[in-house]
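Residue numbers (UniProt numbering), protein chains in the order written: chain B, 1 to 397; chain L, 1 to 135.
No lab work stands behind these hints: they were computed from the structure.
Nothing false has been slipped in among the hints.
Straight-line Cα separation of at most 27 angstroms, DSSO-like style, residue types lysine-lysine; simulated pairs:
1) L/Lys93 / B/Lys87
2) L/Lys93 / B/Lys107
3) L/Lys93 / L/Lys35
4) L/Lys134 / L/Lys45
5) B/Lys107 / L/Lys87
None of the values given here were measured: they were computed from a predicted structure.
Residue-level listing of the chains:
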Amino acid sequence: MKKQLIAGALCCALNGTAYGADLRINGFASIVAGSASDDNMAVFGYEDEVSFSNESMFAIQVSSDLGDGLSATAQIVSRGRDDYDAKFEWAYVSYDINDSLRISAGKMRLPLFRYSDFIEVGYAYRWIRPPQSVYNFAFSTPTGLSLLHNTQIGDWDSTAQAVYGRFEGDFIAVTGQDRGKLNDILGFNWTMTRDWLTLRASYVMAETTISLDNSAQLTGLANALQQFGIQDEYNKLLINEDDGTFIGVGFAIDYNNFLLDGEYTEIEVDNSLLAEQSQYYISVGYRLNDWTVHLTYESNDDEHPTSRFNQVPETITAANGEQIRVSTDSTNPNAPLIKDAMNNALRTAHNDTNTVSVGARYDFHPSAALKVEWSRLDNDLSNQDNDVIAVAIDLVF
Amino acid sequence: MKKYFVAGTLLAVSAAIQAEVAVIINPSNNTALDKEAIAKIYLGKMKSFSNGTKVNAVGLSSGDSVGKFTANVVGKSSSQYKAYWSKLIFTGKGTPPEALGSEQAVIDFVAANADAIGYVDSAKVTDSVKVVGKF
Numbered sequence: 001m002k003k004q005l006i007a008g009a010l011c012c013a014l015n016g017t018a019y020g021a022d023l024r025i026n027g028f029a030s031i032v033a034g035s036a037s038d039d040n041m042a043v044f045g046y047e048d049e050v051s052f053s054n055e056s057m058f059a060i061q062v063s064s065d066l067g068d069g070l071s072a073t074a075q076i077v078s079r080g081r082d083d084y085d086a087k088f089e090w091a092y093v094s095y096d097i098n099d100s101l102r103i104s105a106g107k108m109r110l111p112l113f114r115y116s117d118f119i120e121v122g123y124a125y126r127w128i129r130p131p132q133s134v135y136n137f138a139f140s141t142p143t144g145l146s147l148l149h150n151t152q153i154g155d156w157d158s159t160a161q162a163v164y165g166r167f168e169g170d171f172i173a174v175t176g177q178d179r180g181k182l183n184d185i186l187g188f189n190w191t192m193t194r195d196w197l198t199l200r201a202s203y204v205m206a207e208t209t210i211s212l213d214n215s216a217q218l219t220g221l222a223n224a225l226q227q228f229g230i231q232d233e234y235n236k237l238l239i240n241e242d243d244g245t246f247i248g249v250g251f252a253i254d255y256n257n258f259l260l261d262g263e264y265t266e267i268e269v270d271n272s273l274l275a276e277q278s279q280y281y282i283s284v285g286y287r288l289n290d291w292t293v294h295l296t297y298e299s300n301d302d303e304h305p306t307s308r309f310n311q312v313p314e315t316i317t318a319a320n321g322e323q324i325r326v327s328t329d330s331t332n333p334n335a336p337l338i339k340d341a342m343n344n345a346l347r348t349a350h351n352d353t354n355t356v357s358v359g360a361r362y363d364f365h366p367s368a369a370l371k372v373e374w375s376r377l378d379n380d381l382s383n384q385d386n387d388v389i390a391v392a393i394d395l396v397f
Numbered sequence: 001m002k003k004y005f006v007a008g009t010l011l012a013v014s015a016a017i018q019a020e021v022a023v024i025i026n027p028s029n030n031t032a033l034d035k036e037a038i039a040k041i042y043l044g045k046m047k048s049f050s051n052g053t054k055v056n057a058v059g060l061s062s063g064d065s066v067g068k069f070t071a072n073v074v075g076k077s078s079s080q081y082k083a084y085w086s087k088l089i090f091t092g093k094g095t096p097p098e099a100l101g102s103e104q105a106v107i108d109f110v111a112a113n114a115d116a117i118g119y120v121d122s123a124k125v126t127d128s129v130k131v132v133g134k135f
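Isolated chain B (complex conformation) (with noise of 0.2 angstroms):
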């Protein structure tokens, strides 16, 4: 097989310009420099020190035409934050049933966003990232099946979507590393575009299961709640085969240069320690020969609704009549009450920031962008801010 590969890399390489050539390499990487002003907190991964591998990565995708409409595409994705550890991001078979119908099956990315396929491929859009409040759940690649349909109705060019399939792996969700899948993922977008508008939305859900186990406190909440049976709250702390939910609505202008673009996007793990997410940013942007330069404004707030909150009683009646106090120590009067620690759980879960980012990008050659764009990130809860600033090279080749 991998001799197979090679031949035909040979071949193409020397015969380039043949017809029927089925072996095609395409690949794309970023080369991103940037560093926070401060050290009050991580932003975009970055801290109060230049750093080069924070965001750049580098990517080969190897396609092959079996013919007939059938295909089969690897892409390895080396990112500098894992230190360039060369991974299968993408790896799937297609299948063209006819001109507007396509099924793939095997690896792909959940399209969740309307930048979510090609969210590493920093060269097909203007910013150095799409913007991160939004973007924050935009890695999962499942494995599973895409049906594909791109069609004509009336002037507008429509592209719909459905997905289904699985996803095991590390979720940025309690402490930052939790493993964690997501189970009959089922989802559906359907995008619009007309001349200079497009318009896209998109639902999604899947039976989410998220480990707290790397979490000394959650875990030892989670045990005194099965261990005084109030079991309804323990299941609303888990986050264990609970119905997830993501719907996005997306827009974006291109006329005559201006470029006017935004997301909206909500997601939701019922009865879960996951707060209820609503985001969305709104981006402007003009063109000017190589050059364009863009102004973002995005926006997340997490949080839990105030019914979640004081549900633990403060007693409980045992079996002989007795009152029990429901704390983390029973015979100590003054211990912490369970409820407080749970009413604390669901408040770390409280998440408000906005982001204000101005950039330019410059496409100074025909498979180049130099981009440079500065960021700052409020922390409406702690009242902290940080900015960013970061210079990239994007390439595709």
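Starting from the known structure of chain B, fit chain L onto it as the hints suggest.
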């Protein structure tokens, strides 16, 4: 001598101004194509000619004709055209027209393949291909 030189320069200038990009198909192909249809082919939105034959489109990897074609026919700069395709390539949604190394290679390819379409500098067109439009 000097006069010839001046005349020659003028000719060169006018040729540069008038140099258009010609969209070419195989002489055996009788389908009519307007600018909008050509743009759709090069954006991967139209995959067959009106007679039902699959389109086999080729482009150029570099040169003045690339920018002229993307700007005049597709309505995008060559960077925007590349960004558009990079969204599709790396997400399994499409494969761009193969980029050939020279205008002669495009002409040879179109002359040899009944289902082919390509574009070259209009001054380089030969009898072996049919021009469907100049832009």
